[in-house]
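If you're matching them up, the sequences are chains H and G in order.
First residue of the first sequence? That's 1 in the working numbering, and the numbers climb one at a time after it.
First residue of the second sequence? That's 1001 in the working numbering, and the numbers climb one at a time after it.
Treat the hints as calculated values from the structure; they're not laboratory data.
Please note: incorrect hints may appear among the correct ones.
With a straight-line Cα cutoff of 25 Å, these simulated DMTMM-like cross-link-like pairs (lysine to aspartate or glutamate) come out [to be verified]:
{"hint": "1", "chain 1": "H", "residue 1": "LYS122", "chain 2": "G", "residue 2": "ASP1047"}
{"hint": "2", "chain 1": "H", "residue 1": "LYS122", "chain 2": "G", "residue 2": "ASP1040"}
{"hint": "3", "chain 1": "H", "residue 1": "LYS122", "chain 2": "H", "residue 2": "GLU53"}
{"hint": "4", "chain 1": "H", "residue 1": "LYS122", "chain 2": "H", "residue 2": "GLU60"}
{"hint": "5", "chain 1": "H", "residue 1": "LYS122", "chain 2": "H", "residue 2": "ASP155"}
{"hint": "6", "chain 1": "H", "residue 1": "LYS122", "chain 2": "G", "residue 2": "ASP1051"}
One side only, chain H facing chain G, incomplete, derived with CB under 8 Å [as the list claims (entries may be wrong)]:
{"hint": "7", "residue": "VAL14"}
{"hint": "8", "residue": "THR187"}
{"hint": "9", "residue": "GLY188"}
{"hint": "10", "residue": "VAL191"}
{"hint": "11", "residue": "THR211"}
{"hint": "12", "residue": "THR219"}
Where is the CB? At the ideal position from N, CA and C, for every residue including glycine.
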Amino acid sequence: MTDRVSRRRPRRRVTVVGVLGELLITAGLLVLAFLGYQVWLGDVIVGGQLNGEAAEQSQEWGAEYSDVPPSEAGDPELSEAPPVGVAPANAQRFANLIIPRFGGDYYRPIAEGVGTTDVLNKGNIGHYPTTQMPGALGNFALASHRSSGGGNFHDLHQLHVGDHIYVETPDGWYQYSFRNLEYVRPTGVGVLDPVPQADGVAATERVITLTTCNPFFSTAERIIAYGVYDSFYPRAGGVPAEIASNVLGAG
Amino acid sequence: MYGALWRVLPGPWWVRVVILLVAVAAILTACVFWVFPWVDTLVAPQDVTVDG
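Chain G on its own, in the form it takes in the complex (with noise of 0.2 Å):
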């Protein structure tokens, strides 16, 4: 999979890395951004108040 992501991508060795290093920039991103505060919620402990 990545092989062929790899072999797809244009430009020289040191052209395909930049790209790469973006893409992975972007999706972590989006991931600390949007994805896993949504995630939290619903993995984190959301109790936490006293009550009868």
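In isolation and in its complexed conformation, chain H is listed as follows (with noise of 0.2 Å):
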């Protein structure tokens, strides 16, 4: 029979070195949690409340029409000529931008400006305010952030060509069709011309134009990703059935 106390390990003394590599591992594991946080989970969380935050803008918007069933089509009347907005006040949330591509839920408030205090870091996207309104014959230029800050951006390099992108107004959706990617430097702005990479020549065509940082984590570059208009759909009409789940929820 072996007494207890004998099969206690004998305490270790405390020592400067000890409680230095105690810390250190800490800071180790503080760090690790940072990087789990940076590169997904902190996107997940604010891309969530803001996701939230549109559908509730929508809501306010849509108080009138609740009872409307989606649509399949846009109104072919309006298409041609769809309502123009009037520009807000920087920092004013004005729109909600909608991607199926980017999942069934992807749903982000779009506000006035590109600062990055007032708009981006706060999980807006940001409008060029020299760009054109959405429906307006140009340019509607958005900038966003690719990671932090909700990563609205982060999937830019997974558009197909043919991808709708929906912009939400108080009107109803406008619908553009992704078109294609585009590398530039971070002086690039011929991206925002009415008709991108044109300077000078008067647009005959709606286009969007969403730019975020590329690579990741990196400014060296800028990512571009264009889509041509192609209908309006009134609100009256109903949500387009392509993004019912993002409008309505997925319930």
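Reconstruct the complex from the two isolated chains, following the hints.
What follows is the structure, given as structure tokens:
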């Protein structure tokens, strides 16, 4: 029969090196946790909040149309000349972006301006104030974070040609089709021209331009996604069927 | 350090484990909702626009 006391390990003395080592291990674990937050959890949390905020905004806009069933096609009479909103004050939200390729719950607010602290870091997609409004001939150009702040444009490189991009305003939904990607230097302001990369040419089409940084966690380049306007779905006609889950919720 | 922490905690071993788990959960929650978002604005690329 062994003595209980003698089986216990001898108590180790607390040393400076020992405490330092434990602190360093703790710091390492915290950095690891932060990396998990930065590449994954943060955008899940913030993105979920943004989805909810956009849905709330949409319900406000559509309160009087809440019983209209989803529609299958845009209004042909309106698809040639859709309504054009007036640009709001800086940092004010005025639209939502919906891209089915990014998921059945992807629903993100668009605000006026592209300031880092007042617009983009609050999770908004920013509208370049020098570019046109949705529905107007020319270029509706947007910027947002690739990662962090909800990672609104995280999957920009995964768009397929023809993927639909929807912009929701109080009037209804503008549908664009993704056309191509382009990679430019941070100074490549030609992407914001009314006809992208054609300075001084008068616009005859309505395009949407999405800009964010590239590669991930770097600002060396910008990745640009272009879409061309297809049609307009007035709010009175109901939510486009393709984005019913985004707008109305999965339930 | 952690050895000393373990010894000052009261109760049998499973009570200490529960106390530590709650403490770790609280620390991680504070990190995820307050500390990490702030650190993120310092280290994540902020410049996503094109400009001259």
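Now for the hints, and whether the structure bears them out:
For the hint linking H/LYS122 to G/ASP1047, the alpha-carbon distance of about 14 Å falls within 25 Å, and the restraint holds. For the given pair, H/LYS122 sits about 12 Å from G/ASP1040 by alpha-carbon distance, which is consistent with the 25 Å threshold. Annotation: proposed proximity of H/LYS122 to H/GLU53 holds, straight-line Cα distance about 12 Å (limit 25 Å). Taken as a hint, the H/LYS122 and H/GLU60 pair is honoured in the structure, with Cα atoms around 21 Å apart against an allowance of 25 Å.
Simply put, H/LYS122 and H/ASP155 have alpha-carbon atoms about 19 Å apart, close enough for the 25 Å limit, and the pair holds. Using a Cα cut-off of 25 Å, the hinted pair H/LYS122 and G/ASP1051 holds, with the two alpha carbons roughly 20 Å apart. For H/VAL14, the shortest C-beta to C-beta distance to chain G is roughly 6 Å, which falls under 8 Å, so the interface hint holds. Hint status for H/THR187: holds, given a least beta-carbon distance of 6 Å to chain G, under 8 Å.
Using the Cβ-Cβ criterion of 8 Å, the hint placing H/GLY188 at the interface with chain G is satisfied: the shortest such distance is roughly 5 Å. Given the 8 Å rule on beta carbons, the hint for H/VAL191 holds: about 6 Å separates it from the nearest Cβ of chain G. The beta carbon of H/THR211 comes within 6 Å of a beta carbon in chain G, closer than 8 Å, and the hint placing it at the interface holds. For H/THR219, the shortest C-beta to C-beta distance to chain G is roughly 5 Å, which falls under 8 Å, so the interface hint holds.
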